[in-house]
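Based on the hints, put chain V in the right spot on chain W.
Sequence lines, in order, name chains W and V. 1 is the number of the first residue of the first sequence in the numbering used here; add one for each residue after it. 1001 is the number of the first residue of the second sequence in the numbering used here; add one for each residue after it.
You can trust all of the hints, since none of them are fake.
Computed footprint of chain W on chain V; a stretch qualifies when at least three of its residues, placed anywhere within it, have a C-beta under 8 Å from a C-beta of chain W:
1) 1026 to 1032
2) 1037 to 1044
3) 1132 to 1144
Capping the alpha-carbon separation at 30 Å, the derived lysine-lysine pairs in DSBU-like fashion look like this:
4) W:K510 <-> W:K370
5) W:K200 <-> W:K684
6) V:K1068 <-> W:K253
7) W:K315 <-> W:K543
8) V:K1119 <-> V:K1083
9) W:K680 <-> V:K1119
10) W:K684 <-> W:K598
11) W:K660 <-> W:K261
12) V:K1083 <-> W:K200
13) W:K598 <-> W:K510
14) W:K684 <-> W:K618
15) V:K1068 <-> W:K250
16) W:K684 <-> W:K735
17) V:K1119 <-> W:K684
18) W:K543 <-> W:K329
Bear in mind the hints are in silico, worked out from the structure with no lab data behind them. No residue lacks a Cβ here, since even glycine has one placed at the ideal position from N, Cα and C.
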Amino acid sequence: MNAPFNTPEISRRALLKGGALTIAFALAGTTGPLFDDAAAQAAPARTLDPNSVDAFFSIGANGRVTLYCGKVDLGTGLRAAIPQMAAEELGIDLAQIDLITGDTALTPDQGTTAGSTGVARGGVQIRHAAATARQALLGLASSKLNVPAAELDIAHGVVSPKGGGAGLSFASLLTDQKLELKIDPKAPLKDSATYQLVGKPLPRPDVPAKCTGTFPYVHNFTLPGMLHGRTIRPPAIGAALVSVDESGLKDLKGVRVVRIKDFLGVVAEDEWTCIRAQRALKAQWSDWSGLPDQSHLVDVVRGMEVSHVQALPPKASTVAAAADAKSLKATYFWPMQSHASLGPSCAVADVRDGEATVWTASQGTHHFAKVFAKMLGMPDGKVRMIYLDGAGCYGMNGHDDAAADAALLSRAVGKPVRVQWMREDEHGWDPKGPPQLLELAGTINPDGKIVDWRVDMWVPEATRGLPNVPLLAPLAAGIGQTPGLSTGLLTQNAETGYDAPAAVTIHWLKDAPLRPSNIRAPGKVANTLAVEGFVDELAAAVKLDALDMRLRSLSDPRGVEVLKRVAAMMNWQARPSPTPAASGSVARGRGIAYVHYKQQENYVAMGMEVAVDRSTGKVSVERVVCAHDCGQMINPDGVKSQVEGCIIQTLSRALYEEVKFDKSHVTSTDWLSYPIMRFKDVPKLEIALIDRPTEPPLGAGEAATAPVGAALANAIFDATGARLRTAPFTPERVKAAMASRQS
Amino acid sequence: MAVYPLHVNSRELNVQSDDPDKPLLYVLRDAGLTGTKFGCGLGQCGACTVLVDGQPMRSCLTAISDAKGRAVTTIEGLGTPEKPSVLQAAFIAESVPQCGYCTSGMIMSAAGLLGHTPKPTEAQVRDELDGNLCRCGSHDRVVRAVLRAASQGG
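The shape of chain W in the complex, shown without the other chains (with noise of 0.2 Å):
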């Protein structure tokens, strides 16, 4: 077909040599080509040593900086405030900035990114490498100027005298020269006063091509010669394939099979071809019926195969029990649910000659280049990987599972190879947050105070060291992986947020009813309903006013000017929960919930107004409170885009969102048997965020997730007297509550 249009033409050899640096030269900018083939001139070999200051800077002759960094941009922001971070630091402007990121050639290994640790961990690692160079560039210019290093400044990336003078660029300082220098965690950081750029909401880079259709997605990167992929998984999830027809194929031009033992896929020359190949072999499978029945699910849990019981350090009440004191139990149940990634996952693979490279929406591309490395049999350092995003994935879904697909099928076929899962791939296969049982048990005095609190947590274990979920592709062709799981940290924020004991103990399950992964603030959601849930229950028992329990037994301040901010605004006046009974048919209520994530990190209080139409049970959400305190804010804007995003996604997997499953596969494979929130259901959402320019910066990723559940619970219960302790809170599972009260 001719390609009448101007389209980015991607050179693979621009590609290979500057891979995303062509990428980074068309977001630095607004205008200018998306895919540059000048920056082919970049990418020397260059140390990826983390502790090196030159691992993350160059500093080239034009005078611009290019800037490596390790951890990607998820849609998260971070192209804007590692920038800002970076130059900041260094005195340059932001526009001096070319920016590369999660390419295992070109940039140092800083992690996955997750947990919310971009802006964290990766950001101020930058920061401190900045902070070192900028050390250097003065000393260098103090050696040329003959003027002390402390009576120089550093701003638009020229070395002045303070007083006034001739100044010297970085360029002229350094130019191609090496800093070689280790990070030095002691360098002096700039007076957080004095800042130009951190704290100020820039825009994001990617955002102009994002809203005109030219962002360059890995969906819409291609290679000379490049081929499309599909994969055929089996209709059980632990089927074996038996035979496989390619009668259907006979009208389908260019179209060929590879089979890899239980590995079934097909690659064309065209998308289209594909998919109806895809659809068109047939294959017949053995029969597998594995799974456990959903409807007992709670027990299927409770009932599963326990490694090891693990007892978290007891933290004793300081205070003895009242004699009226009044002692609760409860249980909360957190479903399996997919990441739902509106694009469904996306990779391009290169496998020839003993080497591969992979453009994939890896949030971990360091840690994937092993892995891939293994499972092509290739010694490491063979396999390149680099970043290109993909839709949001809030955690792994399928990307690394589509670029093992991708990967394979290259490797047969000898030609670079395009997958893109469909629809029913992404919902049915991707690796899904797991379920979470919780039990608590609490007692409280009188006067607020609770004295004592005990969660006992089932959860499966993630196995220790695991990079990554064992992949789908290798394990169909029988290809050798690490055994075991990787959930993320589950039991975090089991504790409450307040000065009470804690007694809890994990049971640390073998396995999990469906592969699981890493989902946004992987277990704080759930615990943190059931934690801030059970507190709520705790307050109405002693009849005592929700937010006002909260405020007697928090000492933190930061947690103190959270929950009062929501309080004022939210109007908060002071009574127990459940609200006065009202008559109508439609109830109302308000409830709060407060975290300190990860007992670490940020401060989050969340307020919610519901209302409930007890005919029909329910929820709608009108209004959305949130107070939150992520330390030093980078990009005020970026942190708000994301608290926004963590209150509406986190409503839609609380009132909505369940993996359903028969005894052999995930059944809800689409967006009717898996529905997720809609604009006539995004309620308003007033967001008081908080800077602290003093304090570290905490990462704004995920936080604002964690108080979501309990917040809705708590004005649920509020409104209705029915408590909500299983998500998600299905109009059937309101209803059921509700009369169960009645009852």
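Coordinates of chain V only, in the frame set by chain W:
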């Protein structure tokens, strides 16, 4: 191999296909118009929305034979990063996208709305866009951007 004459972004595009049911989505993407995204292939998410004779259509469910001779507008047909349309500029000003995968479809659905209702209410915007899914939670910003564009004659 049949030839299907299309009008895409005010240009003629003659597309050869051996399958009259080939979705317009792949016709556009094969022609380099990759701003239009595959989301579900089921008409459920809106990521592939384009305008066909001014009406928002799901290009994943629009067969090439049905698009023959009709005027198709994609996200690239509205404007460029250097010269965005009023609607695109409003999305940029509100810094709407996070991952941005849904954004093209959002803008095209909004363009369809503004085509027949230049001054929509917020409820009309939410109603029109209810079939466009966003997983990142950019909804509030989308609504603000559409209303901003409407106020600027977008």
